[in-house]
Amino acid sequence: MSMAQQAEPAAVTPPPAPGPKETDGRTARRPLALRLLARPEVGVFLGAVAVLVFFLFAAPPVRDGSSMANILYQSSTIGIMALPVALLMIGGEFDLSAGVAVVTSALTASMLSYQLTMNVWVGVIVALVVSLAVGMFNGWMLVKTGLPSFLVTLGTFLILQGVNLAVTKLVTGNVATDDISDMDGFDQAKALFASSFDVGGVQVKITVVWWLVFAALATWVLLRTKYGNWIFAVGGNKESARAVGVPVTFTKISLFMLVGFGAWFVGMHNLFSFNTVQSGEGVGQELIYIAAAVIGGCLLTGGYGSAIGPVFGAFMFGMVQQGIVYAGWNPDWFKAFLGVMLLGAVLINLWVQRTATRR
Amino acid sequence: MTDNTTGTHGAVTQDTAPDGDRPLVELRAAGKSYGNIRALHGVDLTVHPGKVTCVLGDNGAGKSTLIKIISGLHRHTEGEFLVDGEPVRFSTPREALDKGIATVYQDLAVVPLMPVWRNFFLGSEMTKGPWPLRRLDIDRMKRTADEELRNMGIVLDDLEQPIGTLSGGQRQCVAIARAVYFGARVLILDEPTAALGVKQSGVVLKYIAMARDRGLGVIFITHNPHHAYMVGDHFSVLRLGTMELSADRSEVNLEELTNHMAGGAELAALKHELAQVRGVDTEGLPEEGDLQAPAAATPEGKS
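Protein chains in written order, with my numbering: chain V, 1 to 359; chain R, 1001 to 1303.
Watch out, some of these pointers could steer you wrong.
[Unchecked claim] EDC-like, lysine to aspartate or glutamate: derived pairs with alpha carbons at most 20 Å apart:
(1) V:Lys238 x R:Glu1125
(2) V:Lys226 x R:Asp1139
(3) R:Lys1206 x R:Asp1146
Derived by calculation from the structure, the hints in this document are not laboratory data.
With the hints as extra help, turn the sequences into a complete structure.
Set out below in structure tokens:
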């Protein structure tokens, strides 16, 4: 309303006539550029381009094809997890246990197969069940108790962190699992989770493909299906969603289980590319995923965001992580750089959205 | 009603079918107790198609309890509750919805950041295609939402705009249009004008009248007698959980309604109290039994 007054003070605005008329007349059509900028993923896209251009100049090795493949690989391991974390965030919750859940999944598959001398696929399947169960537990606790997801998943985070270390030491007598590379089914599983393929003489990791496939799938689900509609609704206003018949409990629990699925996938990748698992890893990764989702334009409080944004968010992370190495700088600067980038991206997002959606 | 949803836009008079006179919803001496607290007692209420039944009452008069019984959130503990002449006991709002009783609550049940058309169909989305590829039928939903809103006289340029950017009155109207589209025969509006400005209240009242003209029975809950009198066909005033007044439009005028609503006796007592306070002009306030209460003297009139 106020916009209409500011934008066209001289225009004669007839009193709202009763009955249908063609247009409302109060909402001026925005220019295309502004409408584009209002999309959640556009700000982060520009940010990702800026970081890419910066390192193309600052670190000449980045211009090489194999370096780019490496950067994309680095981004994909973050990006595959950032996707379900972003969906969960749009659904109004976040999951602090996502980082250690990756390790839990890998440990389960590795130790089960090795200790019982079974085909690795048995371990892989059991790990999937365990990961989904952890997600389900998170979601179930959340909807049953009504506690904030921060508390529930902080609890799960601590539990999993402790269990990872303690059980691994108990079973293997070591903080790492045994090498499973000579076990039945290993090659098959490696082909699925951790192989590479050749593109014009450059080795590209298969996770990059999975990352983009998952991102396309997530985008489609989010924008074109009932379930996607429900995700936005439960994150935007849970009570309203319930009142119009959206299955809120199902949506929330399934979102946590989706994070479980992501943790399983990344866990399997780690297992089959390194053959062993360090039980103390994963701590702190959850914040990287959340940061990638936030940089990707997802609203921390839920109800707003996209699946493509976190793809660019994860790319920015991978780019900086590897770019610093290629530029020959001290890698210790990575975290500081990330922090600056996070704040910068959030501020740019905020500014872009305010400019584009100003009323 | 379902065959009326399209094409009756603009119809002023309802054809009085043989059962047109039978009330859609009827309460007979209904009441509700929460433990030993009697929130509502001996309430009679009828809702006819194409009529607006106004329920007025101050805070705590039992309006919310009444809505909750009709919308299926609570069960009545005494008296009878009939829908289409048959006694019912709803245990969930879903059952009430299935009978065509839709409630537009004060918070409207919309998700502010979602586009108008997504809000319109939220929870009842239209889809197309076989299962693995089953997807939202976006074109059809947008077209239908636009049509339905236009039928209610709401014209929006851009259905993609978040519903939170609409004005309170417009949002209220979208919620009403949604209830009408999804087959409501009885529309319960819980204080739809409470948080709105004068103009926006007018817009909402217009859509209440439109819903009525489309043949819906409307229960309009409010504590503003002026708004009620503009669209109401029947007025029920609740006080302290019982029916203080139940009258057709022909039997009551606005002043009487206002005074019943304000509680003439209590207001006179209040006047004496106010008279003790220096600087309060009590000249214009009504005497006990005086039915010429000026509107501004009611607590509601000031808001």
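Here's how the hints hold up against the structure:
1. At roughly 17 Å between alpha-carbon atoms, Lys238 of chain V and Glu1125 of chain R fall within 20 Å of each other, so this suggested pair holds.
2. A distance of roughly 14 Å separates the Cα atoms of Lys226 of chain V and Asp1139 of chain R; the hinted pair therefore holds under the 20 Å criterion.
3. Pair hint Lys1206 of chain R plus Asp1146 of chain R holds up; C-alpha atoms about 18 Å apart against a cutoff of 20 Å.
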